[in-house]
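There are 2 protein chains.
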Amino acid sequence: MAATKTAGELLDTAQRFVQHRGFNAFSYKDLASEVGIRTASIHYHFPAKADLGKALMARYRVALDTTLAKLDASNRSPKAKLKQFIGFYRATQGMGAICVCGSLAADLETLPEGVRDEVTDYIKGSESWIAKTIKAGVDAGDFEPDLSPTAVAASLLAGLQGALILSRARDGAPEVLNSVEKSFFLTLAAS
Amino acid sequence: MAATKTAGELLDTAQRFVQHRGFNAFSYKDLASEVGIRTASIHYHFPAKADLGKALMARYRVALDTTLAKLDASNRSPKAKLKQFIGFYRATQGMGAICVCGSLAADLETLPEGVRDEVTDYIKGSESWIAKTIKAGVDAGDFEPDLSPTAVAASLLAGLQGALILSRARDGAPEVLNSVEKSFFLTLAAS
DNA sequence: AACCTAGCCTACCTGTAGGTAGGTAGAGCG
DNA sequence: CGCTCTACCTACCTACAGGTAGGCTAGGTT
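Chains as they are written, first to last, in the working numbering: chain A, -9 to 181; chain B, -9 to 181.
Hints should not be assumed to be uniformly reliable.
Chain copies aren't distinguished; within one or between two, either way the pair holds.
[As the list claims (entries may be wrong)] Derived pair list, reagent style EDC-like, types lysine to aspartate or glutamate, alpha-carbon separation capped at 16 Å:
1. K73 to D132
2. K114 to E(-1)
3. K114 to E165
4. K172 to D107
No lab work stands behind these hints: they were computed from the structure.
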C-alpha cells in the first residue's frame, strides 16, 4: 500500500491528526515536524493535500475491507462478529480519537472532491457489512429484530460514530459506547 | 441575547457555517462578506474568534433550554415530547446541516478553552432532559425499557448526532435518522 | 456648541496556509 | 564511469488567517 516508508509514516500521522483534530485543522507543517522532513518534501509523496486525503481514506477503506474479510473468515457467530466490530470502535475511543470516516463526514462540505466519495463508500461498506451480518444472525435464528437489518445497521453505525464524538467531549468515558452496544443488541432481540 | 442586530446576524451566520463546515473551516472574511461588513468590524463585536465561539455555543445552549422548557410546559406525553425532540434534528437534517454541538464536538481538540465546556454542558443538558423524559414515561407506564433511562438517553443522542453526520455523506437521505428513531422507541418497548 | 459613545471603516501587522522551482546526495544500473 | 531515479532539501511565492491601531461619522447628552 504505502509505496515507501515515509509515505506510510505520513499517512499514519495524518490519520492520527484527522482522528483528533479534523482534516482542516492540521497542516503540512504539522505533518513535517512530526515525521521529521520538510513541508516541501511532503509534496513529493502527496502533491496536494487532496491527494493525501484521498490516499488516507482509500487506505482506511481497504483496511476495513481486510478486517471485515478476516472477521468473516473466522468461524464466529454473527453476534460475536458484531461484538468484535463494535470492539474496533471501542479501541478508537480508548485513544481519545474518533473514526476517520466520522471526522471527515463532519467536515464533508469542505473536503476536496475525491475524498467525499471515499467517505460515502466507507459508510456504505460498513452499513452493508453490518446488515449482512445481522441477516446471517436472523437466518441462524439468533436474532429476531422488529426492524429491517438495513435499518438496524444504519442505526448502529450512527450510534457508534456519534458515541465516539460525544464521549470525547464528556471526559472520554466509555459509557456512551456501551449504551449504544447494549441498545443495539436489545433491538436485535433474542440472544 | 444578541446585543445588537449585527452581532445577531454574525452569530446566525457563524452558526450556519459551523453546521455546514465546522469551526475551523470558516474565517472572519467569510463572515464579513456574508453579513456585509469588514473583517475588522467583527472584532468590535467579538474581539477574538474564541469569543464568537463561546457566544455562539452559549446562545445555542440557551435556545435548547428554552425549547425544552417550552416542550415541558406543553401537556404532551413523554413519547410525544421525545418525538418532537427528534423532530428538531430532522429539521436540521432537512437543511443539510449537522448539529452545532456535534460539529464542535468533532473539532473538540482544536477549540478554544471556553468553548469546550459549553459543548460538554450542551451534551449533558440534552442527555439529562432525554433521560428525565424517559423516566417520566416509565412512571406513567408508557415505557418499559430493559436499560436505564440514562443509558437509553446516551444512546439516542449518539444516534441522532451520528445520523446527521452520516446522512449528509449519503446524499442527505433521511432514512438513517428514521432508523435511529424507530430503534429508539423499540428500545423503550411498550407503546 | 462641545462632548461622548456605538459602530463601522481603512490600513496594516505577523504568522501560516498550501504550493512551486530548482537543486543535490546517494543508490542502482548499464 | 556516467546516467538516472528517488527522496529529500533550500528558498521562495501568493493568499489568507486572526488581530491591532487609529480614524471617521451619526445620534444622543449636557
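Structure-based check of all given hints:
For the identical chains of this complex, K73 and D132 are intra-copy neighbours only, at 14 Å inside a copy versus 30 Å across copies, given an alpha-carbon limit of 16 Å. When the C-alpha separation of K114 and E(-1) is checked against a cutoff of 16 Å, the pair qualifies neither within a copy, at 28 Å, nor between copies, at 38 Å. With identical chains, the CA atoms of K114 and E165 are at most 16 Å apart between copies only, with a shortest distance of 13 Å across copies and 26 Å within one. When the C-alpha separation of K172 and D107 is checked against a cutoff of 16 Å, the pair qualifies neither within a copy, at 31 Å, nor between copies, at 28 Å.
Of the hints listed earlier, those the structure fails to meet are numbers 2, 4, in rising order.
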